[in-house]
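Peer 1: Each protein sequence line maps, in turn, to chains A and B. Numbers 1 to 195, taken from our numbering, label the letters of the first sequence in order. Numbers 1001 to 1383, taken from our numbering, label the letters of the second sequence in order.
Derived by calculation from the structure, the hints in this document are not laboratory data. No residue lacks a Cβ here, since even glycine has one placed at the ideal position from N, Cα and C. A couple of the hints might just be wrong.
What follows is a set of in silico ranges between Cβ atoms, one per label pair, in the way DEER data are often shown [said to hold, decoys possible]:
hint	chain 1	residue 1	chain 2	residue 2	range
1	A	GLU162	B	ASP1281	54 to 62 Å
2	B	THR1324	A	SER145	30 to 38 Å
3	B	LEU1093	A	THR84	32 to 40 Å
4	A	GLN79	B	PRO1053	39 to 47 Å
5	B	THR1120	A	ARG170	54 to 62 Å
6	B	VAL1366	A	ALA80	19 to 27 Å
7	A	SER145	B	THR1058	38 to 46 Å
8	A	SER87	B	ILE1066	42 to 50 Å
9	B	LYS1331	A	GLY44	29 to 37 Å
10	A	ASP180	B	PRO1053	34 to 42 Å
11	A	GLN79	B	ASP1374	26 to 34 Å
Below, computed lysine-lysine pairings styled on BS3-like, alpha-carbon distance capped at 30 Å [stated by the list, open to error]:
hint	chain 1	residue 1	chain 2	residue 2
12	B	LYS1382	A	LYS159
13	B	LYS1270	A	LYS70
14	B	LYS1382	A	LYS70
Residues per chain, in single letters:
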Amino acid sequence: MGVNRYEIRFSGSGGQGVIMTAIVMAEAVGIYGGKYVCQTQSYGPEARGGTSKAEVVISDQTIDYPKSIKPNLLLAMNQAACDTYFSDLNPEGLLVVDSTLVNEVPTDRVVAIPFTQIARQDIGKELVANMVALGAVGLVSHIVSLDHLEKALMARIPKGTEEMNRKALRAGIEAAQKIDLNDLPRSLFLNEGEI
Amino acid sequence: MPSSAPNNNGRKLLLQGNEAIVEGALVAGCKFFAGYPITPASEISEVFSRRMPEIGGTFIQMEDEIASMGAIIGASLAGAKSMTATSGPGFSLMQENIGYASIAETPCVVVNVMRGGPSTGLPTSPAQGDVMQARWGTHGDHPIIVLTTSTVRDSFDITVKAFNLAEEFRVPVIILSDEGVAHTREVVTLPASRDIEVVDRTVPGMPPEMYVPFQDNGRGVPDMSTFGDGYRYHVTGLTHDVRGFPTMKSEEVNDFINRLFRKITHGFHKIQMVDTFMTEDAQVAVIAYGSVARAARRAVLDARSHGIKAGLLHLITLFPFPRTVVERVLKKCRWVLVPEMNMGQMVREVKRVNKYPTHVEKYSRVDGHIITPDEIYYQLMKA
Chain A
1 MGVNRYEIRF SGSGGQGVIM TAIVMAEAVG IYGGKYVCQT QSYGPEARGG TSKAEVVISD
61 QTIDYPKSIK PNLLLAMNQA ACDTYFSDLN PEGLLVVDST LVNEVPTDRV VAIPFTQIAR
121 QDIGKELVAN MVALGAVGLV SHIVSLDHLE KALMARIPKG TEEMNRKALR AGIEAAQKID
181 LNDLPRSLFL NEGEI
Chain B
1001 MPSSAPNNNG RKLLLQGNEA IVEGALVAGC KFFAGYPITP ASEISEVFSR RMPEIGGTFI
1061 QMEDEIASMG AIIGASLAGA KSMTATSGPG FSLMQENIGY ASIAETPCVV VNVMRGGPST
1121 GLPTSPAQGD VMQARWGTHG DHPIIVLTTS TVRDSFDITV KAFNLAEEFR VPVIILSDEG
1181 VAHTREVVTL PASRDIEVVD RTVPGMPPEM YVPFQDNGRG VPDMSTFGDG YRYHVTGLTH
1241 DVRGFPTMKS EEVNDFINRL FRKITHGFHK IQMVDTFMTE DAQVAVIAYG SVARAARRAV
1301 LDARSHGIKA GLLHLITLFP FPRTVVERVL KKCRWVLVPE MNMGQMVREV KRVNKYPTHV
1361 EKYSRVDGHI ITPDEIYYQL MKA
């Protein structure tokens, strides 16, 4: 269902910044890219912890239903999120995980990058792991201009943190560039040999 | 993270439903906001706290929702268009003073962003359980206007409309949003303020000594003077005569209560707002409101693509119940579905006005999730 719809789900635990990641994606695609976009979220009553989920639905047409129906891309920033939401993915969708925190991956059709480790070691702040992830998601989704993504990010973040965030975004893009999506199986549930 | 971006005419903004409500209120002339933060309505308070000082308006974080409601009634009597925003638990606390606004005919706008209940319930999840509370939550016979929002853009438009209706009819107007609409961000282009119709209350034109504050007129809506303008009058929660003083005289009591209802009945066609989608040749129809109306629109398209002549009646006004349009749909269709995120509230109203052999079916979801297009489509397949 849903021609002309691209759905991304960002998930992790409360405090990992998944909602912020989704907002930046929505602004990049909607305001700078001129597409229709709906960004929603769901979280528990806790201030920190618990699972947190944010979604971005992108279309060239007006969006009727604002939530994702079958996500085309799932970002899982921890194991619990990966376990909870994997089964919702579109069979031809793509799973992106933070391999620092996700050890058990349910498919071979996965882009596994240690976002938290990159943030900690290369940027010096674990806090920006979400923006490293955003860079990778931006690249592998093919739905957003990376230039728009950076513009949207710069417009959203507190003054004085531009350099750190830009570095984080670019580190994520670079890490994802090393992965050839054509090498991945086409479906989440089957290996090439089984088709 | 609500942005503090002003209503930039023509510029695209990524806004939440809650933020769009603030923008709509400001364009409508709201100058006073008093509230107490509560999920999922807090962003309304948060953005107002930044925007009000910028425009010379007033923002007060009150000690609770009872006081918030009292404050906006006082502000309105003093001439300011006023608003508060809350969710279920706070809405319950506001009920007594909503009745006061009703009997004192004080224009004001109350936003209730619905979340799962009863009690503390599901603070971060959407629901539509407060529909009948919005209609009958305060005691006694009283007319009230209840509007709903379903998108970020219509949150803006409907808030403007809510202020206009409150001013025109001197009634509290309830906006029922839900967590789904409130926290969805969409790219919107807001209209220029010059293109927006803004209605202000009618103030007395006669000299102060000739002013009879609750004098009936053709519209049933007395002129409203601003406290401090020299037009002296008495405001009370007791049933009052045309001068505003308590009365128990049966004729005066009767006239008063009947006038309260008559002003809404007379304005019915102005207040009744709906959106129809593919109902022209529809044989089965969905009647929905709020977040569910969006899912229903998609379900109708899916049903159409499978040869089912489906249509959607999207209710924007819930009360006064838009019976003339609902009756038209009931007359035309053989089967009508009312999907709601409650155990069945508006469906009772639909059944109440159904004089035809049309079958009215309810569909409920109460687990804190928005009804999906697939669920509605599946129901339509059974029709």
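Peer 1: Are the hints correct? Go through all of them and say.
Peer 2: Here is how each hint holds up against the structure:
In this structure the hint that GLU162/A and ASP1281/B lie 54 to 62 Å apart at CB holds, the actual value being about 56 Å. Between THR1324/B and SER145/A, the C-beta spacing of about 49 Å breaks the proposed range 30 to 38 Å. Distance hint for LEU1093/B and THR84/A: a CB-CB separation of about 36 Å, consistent with the stated range 32 to 40 Å. Distance hint check: the CB atoms of GLN79/A and PRO1053/B are about 45 Å apart, consistent with the given range 39 to 47 Å.
Range check, THR1120/B to ARG170/A: about 44 Å between beta-carbon atoms, so the 54 to 62 Å window is missed. Between VAL1366/B and ALA80/A the CB atoms are about 25 Å apart, so this pair conforms to the stated range of 19 to 27 Å. Judged by the Cβ atoms, the range 38 to 46 Å given for SER145/A and THR1058/B holds: they are separated by roughly 43 Å. Range check, SER87/A to ILE1066/B: about 46 Å between beta-carbon atoms, so the 42 to 50 Å window is met.
Distance hint check: the CB atoms of LYS1331/B and GLY44/A are about 46 Å apart, inconsistent with the given range 29 to 37 Å. Distance hint for ASP180/A and PRO1053/B: a CB-CB separation of about 54 Å, inconsistent with the stated range 34 to 42 Å. For the pair GLN79/A and ASP1374/B, the beta carbons lie near 29 Å from each other, so the given range of 26 to 34 Å is met. Annotation: proposed proximity of LYS1382/B to LYS159/A is violated, straight-line Cα distance about 56 Å (limit 30 Å).
For the proposed pair LYS1270/B and LYS70/A, the alpha carbon gap of about 41 Å is over 30 Å, so the pair is violated. For the hint linking LYS1382/B to LYS70/A, the alpha-carbon distance of about 24 Å falls within 30 Å, and the restraint holds.
Comparing the model with each numbered hint stated earlier shows that hints 2, 5, 9, 10, 12 and 13 do not hold.
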